[in-house]
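Participant: With the hints as constraints, model all of the structure from the sequences given.
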Amino acid sequence: MFVEAIERILKDQCSPAVIRSIEGGGGSSSVLWNSIADAGFLDLLMPDEMGGAGLDLADLYPVLAVLGRYAIPLPIAQSIAARALLAPHTVVPTGLFTLAPSCHRIGERIVCSLTPFGMLADHVLVDDDGCLLMLACANAERTHTGVPRSQVATLSWPKDAPALSIVGQGAAVQTFAAAIYAGLISGALFRVFEMTLQYANDRSQFGKSIGKFQAIQHQISVMAEHVAAASIAAEAAFQGGGGLPQLLPSAMAKARTGEAAILVASIAHAVHGAIGVTEEYDLQLLTRRLHEWRMAHGSEDYWNAVVGRHVLASQLPTVTDFVRLANQEALNVKEAALLATSSPISRLKGLA
Amino acid sequence: MTNLVNTFRFARLPVATDTFRTEVKAFLNSYADTTPADVRARSWTGFNADFSRKLAARGWVGIALPSEYGGANLDAFSRFVLVEELLAVGAPVSAHWIADRQSGQLILKYGTEAQRRFYLPKICAAEAFFCIGMSEPNAGSDLGSVSTRAIRKEHGWQLNGRKIWTTNAGNCQYMIALVRTSGTPDDRHRGLSQLIVDLSLPGVTVQPIKDLSGDAHFSEVFFDDVVLGDDAMIGAEGNGWEQVTAELAFERSGPERLYSSIVLLDCWIEYLRLSGTGAAHVAQIGRFATHLATLRNMSVAVTSQLARGASPVVAAALVKDLGTEFEQSIPAVIEAAICANPSDAIDAELYRTVVYLSQIAPTFSLRGGTREILRGMIARGLGLR
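These protein sequences, in sequence, are chains L and S. Residues in the first sequence are numbered consecutively from 24, following this note's numbering. Residues in the second sequence are numbered consecutively from 1466, following this note's numbering.
In short, the hints are calculated from the structure, not lab data. Beta carbons are placed, not taken as given, at the ideal position from N, Cα and C, and that holds for glycine.
Coverage of chain L stretches by chain S, computed from C-beta distances (three or more under 8 Å per stretch; other residues unrestricted): (1) 210-217; (2) 227-239; (3) 242-256; (4) 275-284; (5) 327-335.
Facilitator: Given below as structure tokens:
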């Protein structure tokens, strides 16, 4: 029922015109934001007694997928995750939250590089060497990437900027981020697939719809395979009773959806031809995001390596046992230690 | 027509299957430790009747068949668990594989009561092994053009023609053959029927065909005036196309389309652990695990549709196409990885296993329907044809 309700809001308030206006920087995001926030969707995961909806983690997946389908231009998913992460520890402030992939002390400043929605967010949540760090963007310096229509920004603060730091809760940010971006990607993939299927039926060349040509059919069949794989991989990240996504399913979800994102986007553009790369055609609203979301919080190169380290460290007799148990919580014992030794992002000090 | 993609929703195997899995693991106990990886890599092409009989003694051949015919009457989820555990260690399941997976189901669905009572208990006891009589020299992907012909006689059928690429024909007692019983190849799907052929009959000649790896798991089978009784007909005369389509759905919907190279992957991972050289390959190992986990979830989704009584033909084709691509990528990647530095020594067992799988891997996307046929089925399922 939450999915239908949020989809009704998105249908009205998140049209392609609204997306263009928000990402163009000219339009206000407050109508879309308020209609989602006022309906209580930011507190889906919060328990009833804290004023939330008490939603099971598994029921969050379809909500994220529908946000992805509508190429959501605001950090709704990130805010849902941030509020769920903060609620047990502090009174959660209002405003737009985003999650940052990394946090470094560079010179006299705290820097969160290439933070998705960094141009819009009011608060940032990041893993600060194991601590959960919340920073306010009001006193941040925002540096735009220079990519047109991108809301990604590098944020920096004086090292003594006011911040809330919660010991030992930091690792959950990356895991949750991997899971929500996987959910968003899987929804966007589905919409790209729908558009491509429709276009193949509508567009006529050589006297018949291009979908009648075997060369096109086989590409779209491959697309369907990867959209299906990505969606079930993303859904798997939201299983389990712990209330938060678990490391291995989330890592696999981000890796699998990221891999599908490039392939599906590339087939979609191939089938659409030149119209697909125009500003006025809506495909680009999704395919630009597929690439951005694939790169956010580590690509498949990063997350596959996380999984691979767990496979190598596993005592289980076969990789088949490993993947079977990866959907359960039994394997997540040494995850923090393994993650600590596996941060390619932290080696990139001084860049971007 | 995006429903096809929407059918892939996350599902879990019932908790009750955990106990069954433990029993199967106990049965397979030391098999992987005592059998070289290159032998285990042959899993469902390596013939081992003794192994099948031991499995049958536990009641695990024909486990999805009703108990009145000797089956274990277990559901599709239990069959998934059994198949997964057998293939994960590369158990030599080939002897009973076809009978368990499709021939038994076909006889159960289309056979007469007498046929069920005759064949099914033999299948469950691993006394009757079956092979598939579909492909012919001039009928591969274009299966409707089969020309092996059975002519009506007073008390049965007279069979002439030949089948090819028949796995294990020389070791099987029976073949279920798709043959023409009326019309000509131009009549396509009309006039086809399925016959159970006793391969010990006069006029049946099995000619093994060696494959590029040196094995001879498949054969050419010749029929020269083979005399069959009325009871050789399985299902209705002329209903062969519908039946063979149902049979192929059984053939494609199991989890075996993910695990063909899994023994090699485990062999490589074990080698990397022992040699302490895994760090360079973590992303690749992780990618394999990510893909396997996803394909397995997709296969469980198909199995849960089977368990609900649906016939997820196109969904199964989708998983098979994606699964065989994964199976083929494993030897390709491992060949490159183990020879990335010519001065490194290579473990002999690992080398034999990767070479065998590289050689045989092209068949993964041929057997049970080629990649191109499957992609055509998916496109049709999406409404593109």
